[in-house]
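Going down the list, the protein sequences come from chains A and B.
Counting along the first sequence from 1, when you hit position 128 you're at 128 in this note's numbering, and nothing is skipped either side.
Counting along the second sequence from 1, when you hit position 147 you're at 147 in this note's numbering, and nothing is skipped either side.
Derived by calculation from the structure, the hints in this document are not laboratory data.
Errors might be hidden in some of the hints.
No copy labels: a pair is met if it fits in one copy or bridges any two.
[Unchecked claim] Pairs of lysine-lysine residues, derived as DSS-like cross-links and limited to a Cα-Cα distance of at most 30 Å, are as follows:
1) Lys150 <-> Lys74
2) Lys155 <-> Lys132
3) Lys155 <-> Lys71
4) Lys8 <-> Lys155
5) Lys38 <-> Lys50
6) Lys71 <-> Lys50
7) Lys21 <-> Lys71
8) Lys38 <-> Lys150
9) Lys113 <-> Lys50
10) Lys8 <-> Lys132
11) Lys113 <-> Lys132
12) Lys74 <-> Lys38
Protein chains: 2
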Amino acid sequence: MPVSMCNKDILYMRTALEEAKLAFDHDEVPIGAILVHKDTGDIVSRASNKTIEMSDPTAHAEILCVRQLCKTLKVQRIPDYNLYVTLEPCPMCAAALSYARLNKIIFGASDLKSGGLTSDIALYEYPQIHHKPDLVSGILEEECRTLLQKFFQQKR
Amino acid sequence: MPVSMCNKDILYMRTALEEAKLAFDHDEVPIGAILVHKDTGDIVSRASNKTIEMSDPTAHAEILCVRQLCKTLKVQRIPDYNLYVTLEPCPMCAAALSYARLNKIIFGASDLKSGGLTSDIALYEYPQIHHKPDLVSGILEEECRTLLQKFFQQKR
Numbered sequence: 001m002p003v004s005m006c007n008k009d010i011l012y013m014r015t016a017l018e019e020a021k022l023a024f025d026h027d028e029v030p031i032g033a034i035l036v037h038k039d040t041g042d043i044v045s046r047a048s049n050k051t052i053e054m055s056d057p058t059a060h061a062e063i064l065c066v067r068q069l070c071k072t073l074k075v076q077r078i079p080d081y082n083l084y085v086t087l088e089p090c091p092m093c094a095a096a097l098s099y100a101r102l103n104k105i106i107f108g109a110s111d112l113k114s115g116g117l118t119s120d121i122a123l124y125e126y127p128q129i130h131h132k133p134d135l136v137s138g139i140l141e142e143e144c145r146t147l148l149q150k151f152f153q154q155k156r
Numbered sequence: 001m002p003v004s005m006c007n008k009d010i011l012y013m014r015t016a017l018e019e020a021k022l023a024f025d026h027d028e029v030p031i032g033a034i035l036v037h038k039d040t041g042d043i044v045s046r047a048s049n050k051t052i053e054m055s056d057p058t059a060h061a062e063i064l065c066v067r068q069l070c071k072t073l074k075v076q077r078i079p080d081y082n083l084y085v086t087l088e089p090c091p092m093c094a095a096a097l098s099y100a101r102l103n104k105i106i107f108g109a110s111d112l113k114s115g116g117l118t119s120d121i122a123l124y125e126y127p128q129i130h131h132k133p134d135l136v137s138g139i140l141e142e143e144c145r146t147l148l149q150k151f152f153q154q155k156r
C-alpha cells in the first residue's frame, strides 16, 4: 500500500472518529462512519451510531451513511464509494454493505468476537453473499478501540 | 401446536401476504411483513419491501416494520412482539431482528439458498448472536413462494 494512500486512509478515519466521538458525547456506543467517493475522494456522507436517539436498532453508523447517500442519489447501489468505519461492521451491517454493492470497507478496530467479517461468522466467506467489498483493517485501530473501551468502562 | 394457534398464524400470514402483493404491484420484490403483540394479538405494524421506492437497500419489509414500531414506542427492543413475514429473513434482517429482541419469527417460504436462518449461513447458530427469536416456518408456504416465483418469471 503506497504511503500516500495510507495517509489518506488515516485522514478519513480521523473524520470517522470525530463521528464516533459525537456518539460518545450523546451516550451512544461510540462508532462513526463516513462514505468517500473512490476516485474523487469526496466525503459524501457521515454518521454516528444513533440507535438510542432514533429509537431504531438498525441505526448503526454504517447503515445511516448508506441510507443518506442512497436517498440523495436516488439509488440502491453505491459501487463507487468506500466506507470508513471505526469498528468492524456487525453481521447486519456487513450484509447491508454487500447489498449496497459498496466498493471497499476500511475499518479501525477489529471485532473478533462479534464482527460480521473477522469473527467466525465471516459473512463474506459464504458463496451466497454475491458482492464482497474489498476489506482494509487496522487503520487507527488503537484510537478506535480506546474510545469504545472508555465508553464501556464508564457503563460498568 | 393447537389448531386455534395454527389458524391465527394463517390469518396473520394472509395479512403479510397482502403487503407482499402491494410490493408486487409496485414492481418491488414481493415480500411483506407484520408485527403482532404476542399476547393481545394486535397488529401494530405492517410493511412491504420498498427498496426501490425508498432508494434504500435496507428497506426490507422486516426492517421497515421494526423501525415503525420502535419509533412509535420510542424503544430499541420489542420483546413482546412476533413478526410474520412471507419469506425467510435474509442475514441482514435476521441480525436486526435479534438486536430488536423480537419474541418470535413466523415465516412463509424458506430460503434455503440465501436465507439467514435455514441456509448454511444459519446466523442464529452462532453463540455470539445472543438473542435468538423462536422460529416457525412453512405458514402458507406455497402461496408465499408462488408470488415470488411469478415476480421473478416476469423479470426474465
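Results of checking the hints against the structure:
1. Lys150 <-> Lys74: Answer is between: at 27 Å across copies they meet the 30 Å cutoff, but 38 Å inside does not.
2. Lys155 <-> Lys132: between (35 Å within a copy, 25 Å between copies)
3. Lys155 <-> Lys71: Between copies only: 25 Å across, 35 Å inside.
4. Lys8 <-> Lys155: Classified as neither: same-chain Cα gap 34 Å, cross-chain 42 Å, threshold 30 Å.
5. Lys38 <-> Lys50: Both, since 26 Å and 27 Å are each at most 30 Å.
6. Lys71 <-> Lys50: both (18 Å within a copy, 13 Å between copies)
7. Lys21 <-> Lys71: both (25 Å within a copy, 24 Å between copies)
8. Lys38 <-> Lys150: Answer is neither: 32 Å inside a copy and 38 Å across each miss the 30 Å cutoff.
9. Lys113 <-> Lys50: within (22 Å within a copy, 33 Å between copies)
10. Lys8 <-> Lys132: within (23 Å within a copy, 40 Å between copies)
11. Lys113 <-> Lys132: both (21 Å within a copy, 17 Å between copies)
12. Lys74 <-> Lys38: within (19 Å within a copy, 37 Å between copies)
The structure fails hints 4 and 8 (numbered hints given earlier, in ascending order).
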